[in-house]
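Number of protein chains: 2
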Amino acid sequence: MGIWNEKDISMRGLEELRNCDVVFAEGYTGRMQEGSLKRLEALIGKKIIILPREEVEEEKRILNEAVSKKVALLVPGDPMISTTHISLKLSAEKMGMETKVVHSSSIITAAIGECGLQVYKLGKPCTLAIWSKGYEPTSSYDVIVDNIERGLHSVVFLDLKGRCMEASEAIEQLLRIDKSRQRLKGLSAVVLSRVGSKEQKITYGKADALLKANLGKAPFILVIPGKLHFVEEEALQRFAI
Amino acid sequence: MGIWNEKDISMRGLEELRNCDVVFAEGYTGRMQEGSLKRLEALIGKKIIILPREEVEEEKRILNEAVSKKVALLVPGDPMISTTHISLKLSAEKMGMETKVVHSSSIITAAIGECGLQVYKLGKPCTLAIWSKGYEPTSSYDVIVDNIERGLHSVVFLDLKGRCMEASEAIEQLLRIDKSRQRLKGLSAVVLSRVGSKEQKITYGKADALLKANLGKAPFILVIPGKLHFVEEEALQRFAI
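These protein sequence lines map, in sequence, to chains A and B. The numbering of the first sequence is our numbering, which starts it at 2 and goes up by one. The numbering of the second sequence is our numbering, which starts it at 2 and goes up by one.
None of these hints come from the bench; they were simulated from the model. Note that this is a predicted model, so its numbers are computed, not measured. Don't take every hint at face value.
Put simply, identical chains are the same to the list, so a pair is met inside one copy or across any two.
Said to hold, decoys possible - Computed cross-link-like contacts, BS3-like style, restricted to lysine-lysine with a CA-CA straight-line distance of at most 27 Å:
| # | residue 1 | residue 2 |
| --- | --- | --- |
| 1 | K122 | K186 |
| 2 | K47 | K228 |
| 3 | K213 | K162 |
| 4 | K39 | K122 |
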């Protein structure tokens with residue numbers, strides 16, 4: 002489905018959807034603009050059935066339909082980002098079904114591009130999880146430190162489980178981990194709000210300054226810059242606070 | 002423009018093109034299917050002016066038109082992958098022009114997804130250049146070694162300067178560097194031909210086996226897998242020779 006709403010679907014995607022018998026959608030690996038599926042239904046002239054996470058992971062409902070019908074599963078962003086999608090494709094192929102992925106815009110390259118950073122310096126991406134009692138993972142902190150040490154940019158996804166994580170929450174989490182680890186001294190970050198939309202907002206600055214700024218609305222993604230080329234530096238200065 | 006042909010443009014992109022006064026295109030940062038621009042011209046009902054690399058880099062022709070008209074620059078893949086595009090956007094903004102990027106599918110996430118590999122294990126991308134007398138860069142070899150040591154997957158672009166580099170040429174180049182460096186013993190690679198097209202062909206195997214196989218037609222991209230999760234391993238086995 003691409004990064005923001007129904008208009009981010011490619012013409013190839015639209016054509017495939019119009020030729021499908023059944024159209025499912027999942028909305029838990031990414032968030033599209035509210036109303037996107039309703040408007041897409043009007044465009045393709047058929048109902049879209051939204052599946053909860055469990056039904057996508059169980060695969061049964063999708064595969065059962067696909068035995069005799071042409072079935073689509075709509076996925077936010079560029080598909081195949083999650084193991085679930087890969088497993089589903091493998092299962093369908095094992096059952097002798099023909100499968101096809103229609104690609105679209107991904108938040109990974111879109112975020113880097115909107116910042117004006119070079120995709121050649123993209124490091125391993127990571128995700129910050131919403132912490133809860135007894136669940137306070139810190140592995141993404143290590144990924145960011147490792148990327149910075151190698152001069153690479155980090156694309157940091159924010160948790161979507163249940164609710165969208167706030168950008169300030171993500172920055173506070175990184176600062177909290179940094180209190181004991183001390184590897185990200187003077188952390189600077191780019192906060193991207195609603196990439197690809199008319200309300201897109203990008204803010205660049207030191208962590209403490211970001212916490213005081215209006216960063217826009219969820220969904221967010223963070224980019225932690227690595228070593229900057231002068232054109233990258235100039236590009237980022239447009240968003241500096 | 003997305004990864005393969007005019008159908009990979011999003012509906013948002015098509016709408017913008019229809020509202021433009023002048024449509025330029027560059028074709029040197031990526032290769033679209035032959036005839037894509039001709040078919041796109043028919044879809045948007047206007048001429049597309051193809052600019053050589055120098056004219057995109059000089060910026061003058063594009064910016065001069067944009068002073069008084071709504072101008073688009075069509076770029077293969079997801080735009081902003083090259084410093085030239087970022088510079089152009091910065092120049093336009095300095096002149097007080099409103100700019101907008103319409104995102105589309107990128108070969109980076111598409112290649113990883115088609116392989117069935119996890120985007121969370123994507124390492125720094127790199128490019129293999131066509132060697133000539135006195136120009137035999139080896140830095141991409143180091144990037145691949147570094148990614149493998151971290152368990153990360155490498156997306157390896159093949160040179161497009163003048164002609165599309167052949168996949169076998171790329172593998173031979175890696176093997177040649179490895180003769181002296183010896184860091185990629187038993188190198189396995191995934192060769193992807195024409196990703197996103199009907200002729201898409203993916204081949205996975207040891208470097209020496211790949212050199213004997215029919216790998217499809219250019220344009221190619223390579224993926225060098227890092228540490229494999231069992232679902233990734235299963236996904237790759239579909240393409241094993």
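Evaluation of the provided hints:
1. K122 - K186: Both: 21 Å inside a chain and 26 Å across chains, each within 27 Å.
2. K47 - K228: Answer is neither: 48 Å inside a copy and 42 Å across each miss the 27 Å cutoff.
3. K213 - K162: Answer is within: at 25 Å inside a copy they meet the 27 Å cutoff, but 47 Å across does not.
4. K39 - K122: Classified as neither: same-chain Cα gap 38 Å, cross-chain 34 Å, threshold 27 Å.
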